[in-house]
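Protein chains: 2
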Amino acid sequence: MKGSDSGQGGLFGNDAGAPAPKVKKVAKKPARRASAESMAKKQREISVSEFFTKNRHLLGFDNPRKALLTGVKEAVDNSLDACEEAGILPDLFVEIRAMKGHENRFTMIVEDNGPGIVGGQIPNIFGKLLYGSKFHRLRQSRGQQGIGISAAGMYGQLTTGNRVRVVSKTGKKAMAHAFQILMNTSKNKPEFHDKHVEWDKDHGTRVEIDMEAEYRRGVRSVDEYLKQTAVGNPHVQITYRDPQGNETIYERGTEEQPKETQEIKPHPHGIELGLFIKMLQDTAEGTITGFLQNEFSRVGPKVAQNIIKAAKLKPRSRPKSIARADAEMLHDSIQSARIMSPPTSCIAPIGEEVLLAGLRKEIKADFYIAATRPPAVYRGNPFQVEAALAFGREGDTMEVTEEGKILSRKKAKRDDTELLGNADETIKVVRFANRVPLQYQHGACAITKGIMAVNWRGYGMSQPRGSLPIGPMVLIVHIASVWVPFTSESKEAIASYPEILKEIKLAVQECGRKLGTHIRKGKRIAKEHQKRSYIEMYLPHIGIGLQEILGISDKVRDDDVEILTGILERSRKI
Amino acid sequence: MKGSDSGQGGLFGNDAGAPAPKVKKVAKKPARRASAESMAKKQREISVSEFFTKNRHLLGFDNPRKALLTGVKEAVDNSLDACEEAGILPDLFVEIRAMKGHENRFTMIVEDNGPGIVGGQIPNIFGKLLYGSKFHRLRQSRGQQGIGISAAGMYGQLTTGNRVRVVSKTGKKAMAHAFQILMNTSKNKPEFHDKHVEWDKDHGTRVEIDMEAEYRRGVRSVDEYLKQTAVGNPHVQITYRDPQGNETIYERGTEEQPKETQEIKPHPHGIELGLFIKMLQDTAEGTITGFLQNEFSRVGPKVAQNIIKAAKLKPRSRPKSIARADAEMLHDSIQSARIMSPPTSCIAPIGEEVLLAGLRKEIKADFYIAATRPPAVYRGNPFQVEAALAFGREGDTMEVTEEGKILSRKKAKRDDTELLGNADETIKVVRFANRVPLQYQHGACAITKGIMAVNWRGYGMSQPRGSLPIGPMVLIVHIASVWVPFTSESKEAIASYPEILKEIKLAVQECGRKLGTHIRKGKRIAKEHQKRSYIEMYLPHIGIGLQEILGISDKVRDDDVEILTGILERSRKI
Chain A
159 MKGSDSGQGG LFGNDAGAPA PKVKKVAKKP ARRASAESMA KKQREISVSE
209 FFTKNRHLLG FDNPRKALLT GVKEAVDNSL DACEEAGILP DLFVEIRAMK
259 GHENRFTMIV EDNGPGIVGG QIPNIFGKLL YGSKFHRLRQ SRGQQGIGIS
309 AAGMYGQLTT GNRVRVVSKT GKKAMAHAFQ ILMNTSKNKP EFHDKHVEWD
359 KDHGTRVEID MEAEYRRGVR SVDEYLKQTA VGNPHVQITY RDPQGNETIY
409 ERGTEEQPKE TQEIKPHPHG IELGLFIKML QDTAEGTITG FLQNEFSRVG
459 PKVAQNIIKA AKLKPRSRPK SIARADAEML HDSIQSARIM SPPTSCIAPI
509 GEEVLLAGLR KEIKADFYIA ATRPPAVYRG NPFQVEAALA FGREGDTMEV
559 TEEGKILSRK KAKRDDTELL GNADETIKVV RFANRVPLQY QHGACAITKG
609 IMAVNWRGYG MSQPRGSLPI GPMVLIVHIA SVWVPFTSES KEAIASYPEI
659 LKEIKLAVQE CGRKLGTHIR KGKRIAKEHQ KRSYIEMYLP HIGIGLQEIL
709 GISDKVRDDD VEILTGILER SRKI
Chain B
159 MKGSDSGQGG LFGNDAGAPA PKVKKVAKKP ARRASAESMA KKQREISVSE
209 FFTKNRHLLG FDNPRKALLT GVKEAVDNSL DACEEAGILP DLFVEIRAMK
259 GHENRFTMIV EDNGPGIVGG QIPNIFGKLL YGSKFHRLRQ SRGQQGIGIS
309 AAGMYGQLTT GNRVRVVSKT GKKAMAHAFQ ILMNTSKNKP EFHDKHVEWD
359 KDHGTRVEID MEAEYRRGVR SVDEYLKQTA VGNPHVQITY RDPQGNETIY
409 ERGTEEQPKE TQEIKPHPHG IELGLFIKML QDTAEGTITG FLQNEFSRVG
459 PKVAQNIIKA AKLKPRSRPK SIARADAEML HDSIQSARIM SPPTSCIAPI
509 GEEVLLAGLR KEIKADFYIA ATRPPAVYRG NPFQVEAALA FGREGDTMEV
559 TEEGKILSRK KAKRDDTELL GNADETIKVV RFANRVPLQY QHGACAITKG
609 IMAVNWRGYG MSQPRGSLPI GPMVLIVHIA SVWVPFTSES KEAIASYPEI
659 LKEIKLAVQE CGRKLGTHIR KGKRIAKEHQ KRSYIEMYLP HIGIGLQEIL
709 GISDKVRDDD VEILTGILER SRKI
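Residue numbers (this note's numbering), protein chains in the order written: chain A, 159 to 732; chain B, 159 to 732.
Among the hints, a few may not be true.
Copies of the same chain are indistinguishable here, so a pair counts whether it falls within one copy or spans any two.
[To be verified] In silico DSSO-like cross-links for lysine-lysine, where the CA-CA straight-line distance does not exceed 27 Å:
#, residue 1, residue 2
1, 417, 212
2, 359, 200
3, 417, 200
4, 224, 660
Just so you know, the hints here were simulated from the structure itself, not pulled from any lab data. None of the values given here were measured: they were computed from a predicted structure.
Looking at chain A on its own, in the form it has when it is part of the complex (with noise of 0.2 Å):
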């Protein structure tokens, strides 16, 4: 294969005409520090876990409050995963415990209901970077990397020394199993004991971490999150036990399981080049006709054929023999190819009625509306976006310029405002990702980018440049994907693809719209509302004008002022 797939390359290629670089000036020569042989001898692998201990920020352990939400997080993401595999309500228990003679230090339980887990595979999940069933299929879930609850644990290891400790049991006659589990960093290998133990449960998993940590409510606080889980999981019970004991109970709202989400192969727009070739390497399919039709979604024959002739090869040749220019051309014409979009049975969106109802229970607004866009796909991955949002308080009343500016405002009296944000403030996004709401890093986030992508102003509300609209309103946006793509291994916000922005700028723009609709009229409304209570302060005065002009009794004026309010009562309602 000798430089036969080397590009352009001045010392490689076949281009040798193409000028050589010439070094300008030769540099002077200090005596040299280190040399290529004494530079060798450093050089060694690195282990994951190690990278990750160093860099734990990348995983969401930046700090002590960030560190208690994300690992709580990573194992709700867990237990909610498994219960919907298994088809189980999930019922969760969730508790923050301060530990005893330490400030900073706290234990954090989530324990589920789920199928368990196999006593054999409790150490890799619990103490091994890189390790899990997620991701190597193409199917929504909550964890995806195989990173999340190890990471939790070896940050509770880092901060505090002490073990992770699981219990977990895989059905009524089982015994549970109880681990407690060290992570070995140099190696990214678990160190455990294990024991059985009685467990008065039928099935489920009870993990505890320790860790150093810091708890407080509010903004991007364990409490926060699990209320927004509860409003895009409505099938879901949780009990949350806060470090002084309160507990709360989100109770489930439907006793009906999220669609059940298929596995499926990839589509075939969008594999990049090097992957289709080692698929072409990797597949045991002995042409490339079975090839197409069994490695990919939505490649029929009809396609497959299609396909292989555009490409100019035979439907029988085998995958693992193809030269790297014909793999080329294939992948060239598969990707010129019509080929229907991807099955949706991989996604389940969380849909527009429980997105309203979720709005509806948590914010007492004016206006509300969803919407849902088409599955699409980016990089061969399909996914989908949904929008809803709720707009204006109940009770409240506004002046609002045309510009949509607003002049003034009464709020109604209530106390569950604490999520629809004020008049005069930026609107609050709610961003989930597979169900699982993101409290951090929003301005990396491609949801938030989508929605500044927005022209607010078309929609009566203001927006100052490169900003989020500003006004009372909430806006969830939900994105659903096989696979998505976070802009750090702490899954705390979606990388912008072009793909990904387009469509939720699409279903943003379409809640948008009737927003705006909703507001002109608002709007016609309030312009009306001014004029008439103009026209009615200054009637008595015309009373007594015409009582002046025509010697009318007071009666008879009254009577006058009372038909014209009711002319102008009349007029309004046209």
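Starting from the structure of chain A, add chain B where the hints point.
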């Protein structure tokens, strides 16, 4: 060790009295979809290169334009590190070459005059993620993760199917090695072939990568990055050839090498307990006295003695046999001990003169200032922040209100205004980390956050809430550290550790205070100037008035006006 370190876990801990969580409501169980057993079978280890192939946006390869910059940056980082480590003044050649027949494919070439790489190391360095010499040491360098250049090659392979091509020569008498390398992503291992070649160069390394890319000039381009690299690294000579064949040479500004940085031991403050326990277990030292003195920096016999005494341990105890509780005591005692700040020999700031020279060369402004903070520590890692700014355009005039709002300004004619922003735009921030200019994700960066957290109104500039200040200013901030905590593997933004944020704020404030004095002076002059121009306008009228009242001649009137003008002139100089 059973349970001894298990904190307060309900099922494990000692406080058996803690209330056991109760399941409030037994969930209905539909037919199970998956069981613990079926799920266990899907558990697998994930190769780190599979992980990053799927998450290539984490490495800075989310889109073709950014990919090109990231690739060049990783190669240049390595070249500069190698040259400096070997004490060679770097002479770099960078080329972006369009690939024939592919509109969206380019070859990036980076060639240096560094010490070269020993043949046996080349495949791993370029074809394996998490491999390198810089991760396991504490010393300032551009690369640190062992991911960069192999990630660039992986991306090239993924998008074009082509191999990475490397030539390297370690000395005049040595033959050059030429490698062609592919990465086996399932195993994170290189596959390669190599040969000996002639190369008319004493020593150096040349890397060529074909990749799907987009070439554009302007903000965040390769061009911009190289320009900023030259500013922050005046000892570097760079020859750059763009896809149109235009050559730009960034001439070396100084023959002086940056200060050689020393590898240091970790500073004991900020070492997490878990890491500390691991160090106790891994050390070759026979006593805790030796352990403290030799595994950490700034711990002498006296300090070690005090620490051990405060922890109530024996100085000659063996580190490996120290009990868990004692280790924690020792760790606590270290954290409260007075220990000298870490040595600064591991850090090489750019230096105020170099920063100012760079600013003066690139930007014509009215006012320049720089500040350097003393070194500080986060998580045991020494770091140092320096800042420099250029404000206002030379020859420009402007009217400024008391609040720093600019009413009007006239621009002086000039070409080199690219870097200095307009008066009504937010300031331009140039970020450096270990001398590498950062191009992307400015919003997520501690530098941007630190600048926004400063009250710029106090220095006479306008600043919208939660925003950068507004005005004609370029602000450079450099953080140098033995380990820069980036927010992702792509090394685009610095994580907001509180200690780092604080130092950035302090450095910027130091510049800001001096800028404030300058701006206030400017405002005073502007005000005076305005007053004077009013008076000047009215002086002839006063002359006419005097003439009418006193009946003086035209000559005397004009003389009087001249005298009055003179008085005004003198008064202004006071």
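Against the structure, the hints come out as follows:
1. 417 - 212: Between copies, since 26 Å is at most 27 Å while 40 Å is not.
2. 359 - 200: Only across copies: residue 359 and residue 200 sit 25 Å apart there, 53 Å inside one copy, limit 27 Å.
3. 417 - 200: Intra 53 Å, inter 21 Å, cutoff 27 Å: inter-copy only.
4. 224 - 660: between (30 Å within a copy, 19 Å between copies)
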